[in-house]
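Build the complex from these two chains, which are given one at a time in their own frames, with help from the hints.
Chains as they are written, first to last, in the numbering used here: chain A, 59 to 458; chain B, 614 to 880.
Please keep in mind that the hints were generated in silico from the structure rather than gathered at the bench.
It should be emphasised that the depicted structure is a prediction, and the values quoted were computed from it without experimental measurement.
Errors might be hidden in some of the hints.
[Claimed, not checked] Computed cross-link-like contacts, SDA-like style, restricted to lysine to any residue with a CA-CA straight-line distance of at most 25 Å:
(1) A:K97 <-> B:A713
(2) A:K97 <-> B:K701
(3) B:K686 <-> A:R156
(4) A:K405 <-> A:A421
(5) B:K812 <-> B:Q765
(6) B:K701 <-> A:S336
(7) B:K686 <-> A:L231
(8) B:K701 <-> B:D788
(9) B:K805 <-> A:Q443
(10) B:K686 <-> A:R428
(11) B:K686 <-> A:G158
(12) B:K701 <-> A:P246
(13) B:K686 <-> A:W150
(14) B:K686 <-> A:L251
(15) B:K686 <-> A:A247
(16) B:K805 <-> A:R156
(17) B:K805 <-> A:R154
(18) B:K812 <-> A:R417
(19) A:K97 <-> B:L769
(20) B:K686 <-> A:L157
(21) A:K405 <-> A:R417
(22) B:K686 <-> A:S424
(23) B:K701 <-> A:L251
(24) B:K805 <-> A:R428
(25) B:K686 <-> A:Q443
(26) B:K686 <-> A:V438
(27) B:K805 <-> A:S424
(28) B:K701 <-> B:E786
(29) A:K97 <-> A:S336
[As the list claims (entries may be wrong)] Here are the simulated distance ranges between beta carbons:
(30) A:Q353 <-> B:G661: 49 to 59 Å
(31) A:Y375 <-> B:L868: 48 to 58 Å
(32) B:G661 <-> A:R428: 17 to 27 Å
[Claimed, not checked] Partial chain A-side listing against chain B, Cβ under 8 Å, derived:
(33) Y70
(34) L95
(35) G237
(36) F238
(37) S288
(38) R290
(39) V291
(40) V294
In this text, a Cβ means the ideal position worked out from N, Cα and C, and glycines have one as well.
The primary structure of each chain is shown beneath.
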Amino acid sequence: MLADALLFQLGYNASLVTLGALLLGIAAGVAGTFLFLRKRALVSDAISHATLPGVGLAFIAMVAMGGDGRSLFGLLLGAAVSAGLGLQCVQWLTRRTRLGEDAAIGAVLSVFFGLGIVILTIVQTMNAGRQAGLEGFLLGSTAGMLRSEALLLAVSAGLVLLLVLVLRRPLTLAAFDPGFAEATGWRPARVDLAMMGIVLLVTVVGLKVVGLIMIVALLIVPPVTARFWSERVDVVVITSGVLGGLAGYLGAAISATAPALPTGPIVVLVSFALFALSLLGAPGRGVLASVLRHQRYQRRVHLRQGLLALASGQPIYERLTHRLLRRAGLIRADGVPTTQGQAAAAKAQLDETRWALVRGDQAFASAAARYDGLTAIEDVLTPDQIGDVDARLAPPQAVT
Amino acid sequence: MSLALVSDAAGTADRAARTASPLSVRGLTVSYGETPALFSADVTVRAGAMTAIVGPNGAGKSTLLKAALGVVKPLAGSVAVFGQPLAKMRDAIAYVPQRASVDWDFPTRVIDVVLMGLYRDLGLLGRVRAPHRARAMACLERVGMTDFATRQIGQLSGGQQQRVFLARALAQEADIYLLDEPFAGVDAATEKAIIAVLKDLRDAGRTVLAVHHDLTTVPAYFDDVILLNREVIAAGPVDTTFTDDALQTTYGGRLETARMQPHGTAG
Numbered sequence: 059m060l061a062d063a064l065l066f067q068l069g070y071n072a073s074l075v076t077l078g079a080l081l082l083g084i085a086a087g088v089a090g091t092f093l094f095l096r097k098r099a100l101v102s103d104a105i106s107h108a109t110l111p112g113v114g115l116a117f118i119a120m121v122a123m124g125g126d127g128r129s130l131f132g133l134l135l136g137a138a139v140s141a142g143l144g145l146q147c148v149q150w151l152t153r154r155t156r157l158g159e160d161a162a163i164g165a166v167l168s169v170f171f172g173l174g175i176v177i178l179t180i181v182q183t184m185n186a187g188r189q190a191g192l193e194g195f196l197l198g199s200t201a202g203m204l205r206s207e208a209l210l211l212a213v214s215a216g217l218v219l220l221l222v223l224v225l226r227r228p229l230t231l232a233a234f235d236p237g238f239a240e241a242t243g244w245r246p247a248r249v250d251l252a253m254m255g256i257v258l259l260v261t262v263v264g265l266k267v268v269g270l271i272m273i274v275a276l277l278i279v280p281p282v283t284a285r286f287w288s289e290r291v292d293v294v295v296i297t298s299g300v301l302g303g304l305a306g307y308l309g310a311a312i313s314a315t316a317p318a319l320p321t322g323p324i325v326v327l328v329s330f331a332l333f334a335l336s337l338l339g340a341p342g343r344g345v346l347a348s349v350l351r352h353q354r355y356q357r358r359v360h361l362r363q364g365l366l367a368l369a370s371g372q373p374i375y376e377r378l379t380h381r382l383l384r385r386a387g388l389i390r391a392d393g394v395p396t397t398q399g400q401a402a403a404a405k406a407q408l409d410e411t412r413w414a415l416v417r418g419d420q421a422f423a424s425a426a427a428r429y430d431g432l433t434a435i436e437d438v439l440t441p442d443q444i445g446d447v448d449a450r451l452a453p454p455q456a457v458t
Numbered sequence: 614m615s616l617a618l619v620s621d622a623a624g625t626a627d628r629a630a631r632t633a634s635p636l637s638v639r640g641l642t643v644s645y646g647e648t649p650a651l652f653s654a655d656v657t658v659r660a661g662a663m664t665a666i667v668g669p670n671g672a673g674k675s676t677l678l679k680a681a682l683g684v685v686k687p688l689a690g691s692v693a694v695f696g697q698p699l700a701k702m703r704d705a706i707a708y709v710p711q712r713a714s715v716d717w718d719f720p721t722r723v724i725d726v727v728l729m730g731l732y733r734d735l736g737l738l739g740r741v742r743a744p745h746r747a748r749a750m751a752c753l754e755r756v757g758m759t760d761f762a763t764r765q766i767g768q769l770s771g772g773q774q775q776r777v778f779l780a781r782a783l784a785q786e787a788d789i790y791l792l793d794e795p796f797a798g799v800d801a802a803t804e805k806a807i808i809a810v811l812k813d814l815r816d817a818g819r820t821v822l823a824v825h826h827d828l829t830t831v832p833a834y835f836d837d838v839i840l841l842n843r844e845v846i847a848a849g850p851v852d853t854t855f856t857d858d859a860l861q862t863t864y865g866g867r868l869e870t871a872r873m874q875p876h877g878t879a880g
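This is chain B alone, in the form it adopts within the complex (with noise of 0.2 Å):
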């Protein structure tokens, strides 16, 4: 980080902590199709910080996570992992995709799904040895998955998916966190020990950043906020920016709706 501010002689103090922020997205514009799904959007995520995205269905949410992680390919924009080019820090994101998106009947047990969080350590041909084993059991303790390891995945409840997941994730032993919707469709149970996970990274000086649904919950579980209606409509610390005036405009008339929701579903 220092030497970012040394290279960086023309920046202000202000740029150069920009420029170690652990994501900073500048001006990214997605499309399907004609219409943007997410217009110049700019972010920058506040290191050892618990980030959520929040908006309406369709709001480009999940698209900015995608984006971010260059799983859809931005129409303009970049992105910046701590200050370096997104190829090259692969290793610094780990990522828990909408569980919705994969197939649940594939040939695989939990232990297995969890491995593959090992699988850029492991490398094409590496193998899969005790101590891997033992590290992906222990990211399945801390969800609290244990007796399941070797469950084929379609028998596990939705919650219990996205435990799995979540422990994938933890084995990638990432700095930065990027979550696509970790509590839709699970149980009260499980979003709790999601939560404590989530928090535990953080305390550890973890990044993560979380599309979330739940507009009574965010005070309670995230520090920042960002809200999203295609373009970013504000961002900042929670009890600055979760306010009742920006909430209005990023939700416009839908605001009760989402209040009355707070699952909802894919965005």
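Bound-form chain A, shown alone (with noise of 0.2 Å):
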């Protein structure tokens, strides 16, 4: 069943689900990587909920000229304006009054989803209201897909892929380094702009699909989940697109194998899966990884102190130092080093003599600036180096 939904196998409307998901996918994920690299995923979610009055005024507006109010270009347009409207009010709560830009966010949010609400309400009691289903803008809905909205998804998509390109410098800069930006002559508000343009056209063409309560998970989760697995932007862009293209793929493959799963959330849960996935696994940034790195770490630490005290002939306190160095074959179990410990300890204790010299003498800045009381000497000094050093640490020889 699900091997049929992936490949497109479960009729038409199935298949037409999934590939518009895909492409919200994609589309998302790349236009909220910037959003996030910016510290402004949250904007998004004002946006979406800012929607809301839009589509309902927009399906009022079009019945009372006599329309049936159900034409989604005339609603996505209604959703467009009021979007456009609540981004405005954020950005000019945060640039004109001291309130911060999540307090901001949080207002306009609520405020503009209340109207939205009540809007709807109205509309629910009107003749033409009853059948509109509009709610399907709330939590999404794709049952009755159309070809027009698939299509209308994939020129949304492409458009969105083809101004990330062109601006991908522009937005790269004003994420990171504002102020160079702005000495360069590319204006960060600009900038901006343009960037909350392109996420407001990916809400407002996924509003059907995974309403607007979800779209801000397709915005943000992709970006944070790519940015797990790579240190460069060019590659965090991609990942993030391709991850979200395979949450929606995915999502509404699952959600067309039985009819009670609703698309927009089976998506966003394996985004989220996604993410999880890469928390914990990825290499580098992912939890296991930096808890691996950590315990690598302090066992170093402890069998080099053990070492330096087995040097200077103090006994062994700590269990876990006792233990590593018992388990290297460097004590017996009584504490007491055997020979190869013995060869170690004056190794450790040679390698610090060493650095104490290093660290005294300016001419070895660059090598000094390497110290942490654990790396070899050799790791970081050339044997020509070393053998400067210990010339210097021998006492001076009578001369015979």
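Take a look at the structure:
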């Protein structure tokens, strides 16, 4: 069943939805990356909630003009206008008042959403409103996705990719170093505006698929996930697009296998699963990797300190140190160093003595900067340099 | 420059020289809220010299630099770069912001940061090719950071980060270098390396203007000095301007503290 869904074999509508979710996932992942890097991820939540009054008002206006009010294009236009207005409110509150962006987002998000719910309730009481299906904009509804909707998603995704490709340098600069961006002539205010425009486009076309409450997950979760895997902006952007597309594709396919599984929420859950996997398993920034790194480091510290203690004839009190030394065959069970242990301890002591000289000499400043109490001096200095150090360490020989 | 002399018929030679200055600021006033951070500053930077901006914390040193670059919008006043409006002359200026002003966990490598200095040349779509990379590597070489080219920037020490910022400014190949506290929180070796690069730039005819905190090194490092405390107290060659009297006026009762703690925080 799932295999059929993944291979677009579950009928026309399911295939359309899967394709649409895939495209939306890619667009949202790519667009969301710069939002995340600019640390303005939650602005997208304000934008998405601010679409609701526009949807309702557009419906009422279209009915008043004699239509049936369900034209998707009209509804999305309304959504875009009111989202744009909400965005302007956030910007204005942040710039012109002492409110922080978080407070501005909270205020705009809840007020617009409340207004939207009121308007939707009014729509419900209208004759034309009962079958309007506007609640689909809240949580997403893909049941009756049309070819034209899938086409709209495809065109929008293409446009988003194109815009991000063209604007990648200003977007990167504005996110990393706005001061430098301004000084080199890329106005961060304008770059931000373009970024918000891209996000607004994704939000509006994604409304019907995942709904305004969850669209923020599509914009934020993929970049956060992608960040675990790379230290380069371009790679993060592409990875985020791939992860977003994957979540959309898998999520829609899973939801197509049973009638009771809603598309939007499943897409979000798949996206979260990818995030959880990355959080745990990513090399470098993942939790597991960092725990392992910490343990390895701790062992090095204990071994080194244990060896130095042996060298100065002190007993080993710490159990971890004792265990590590014992396991390495450097001490016996009663704490007495083995021959091997004596050699290692002497070597550690010599390392420290050499380091002490290196750190006291300005000529070795760059090498001294790498001193961490653990690194063997052979890793930092050349044999010639060590010879030089040793010559200075040895007491002056009497000339015979 | 001769053109400016001819066209400026009514002006004096002094005026013409001023017009030709790499960076000249007139009546610059900046305020955050209602209190002016910088009041009616007149500054003319001498070409081919190293100039320090010195003053107590909150004196508007960084603000002067940022306003000269258009990073903060002045309330009043004008900025001229080689006698031209700033917008036309962006390529003539390289900027090294305060190290603390950026996100060092940003997903970018050292070489990518240096390449940012070439973004104006590259434009929106120009591809980064071998010559660009070579240019970026040459800039890293000048600050002694070639070994770190592919490191993530968050792994660098403060001094190394500052060197990378300087390398990015070098990549801009500008005529004027504006630096915001280049020596704040860096190690002694980095300070030496940076000052050597800046002196090389000066010797190659470039103009350097830096916000500086350490009063003791001003005479050794700089040719000219601007003493600032919300307004310009004094400006000119270090020999004649950097006097005890002028410092006393600039710092007031805080002079001794300033001398004791050369590396203060952001001003």
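How the hints compare with the structure:
no. : hint                          : result
1   : A:K97 <-> B:A713              : holds (16 Å)
2   : A:K97 <-> B:K701              : violated (31 Å)
3   : B:K686 <-> A:R156             : holds (18 Å)
4   : A:K405 <-> A:A421             : holds (24 Å)
5   : B:K812 <-> B:Q765             : violated (29 Å)
6   : B:K701 <-> A:S336             : violated (47 Å)
7   : B:K686 <-> A:L231             : holds (19 Å)
8   : B:K701 <-> B:D788             : holds (14 Å)
9   : B:K805 <-> A:Q443             : holds (23 Å)
10  : B:K686 <-> A:R428             : violated (43 Å)
11  : B:K686 <-> A:G158             : holds (21 Å)
12  : B:K701 <-> A:P246             : holds (18 Å)
13  : B:K686 <-> A:W150             : holds (17 Å)
14  : B:K686 <-> A:L251             : holds (19 Å)
15  : B:K686 <-> A:A247             : holds (13 Å)
16  : B:K805 <-> A:R156             : violated (42 Å)
17  : B:K805 <-> A:R154             : violated (43 Å)
18  : B:K812 <-> A:R417             : violated (29 Å)
19  : A:K97 <-> B:L769              : holds (22 Å)
20  : B:K686 <-> A:L157             : holds (21 Å)
21  : A:K405 <-> A:R417             : holds (18 Å)
22  : B:K686 <-> A:S424             : violated (41 Å)
23  : B:K701 <-> A:L251             : holds (23 Å)
24  : B:K805 <-> A:R428             : holds (18 Å)
25  : B:K686 <-> A:Q443             : violated (54 Å)
26  : B:K686 <-> A:V438             : violated (49 Å)
27  : B:K805 <-> A:S424             : holds (12 Å)
28  : B:K701 <-> B:E786             : holds (16 Å)
29  : A:K97 <-> A:S336              : holds (20 Å)
30  : A:Q353 <-> B:G661: 49 to 59 Å : holds (56 Å)
31  : A:Y375 <-> B:L868: 48 to 58 Å : holds (53 Å)
32  : B:G661 <-> A:R428: 17 to 27 Å : violated (38 Å)
33  : Y70                           : violated (39 Å)
34  : L95                           : holds (7 Å)
35  : G237                          : holds (4 Å)
36  : F238                          : holds (6 Å)
37  : S288                          : holds (6 Å)
38  : R290                          : holds (6 Å)
39  : V291                          : holds (5 Å)
40  : V294                          : holds (5 Å)
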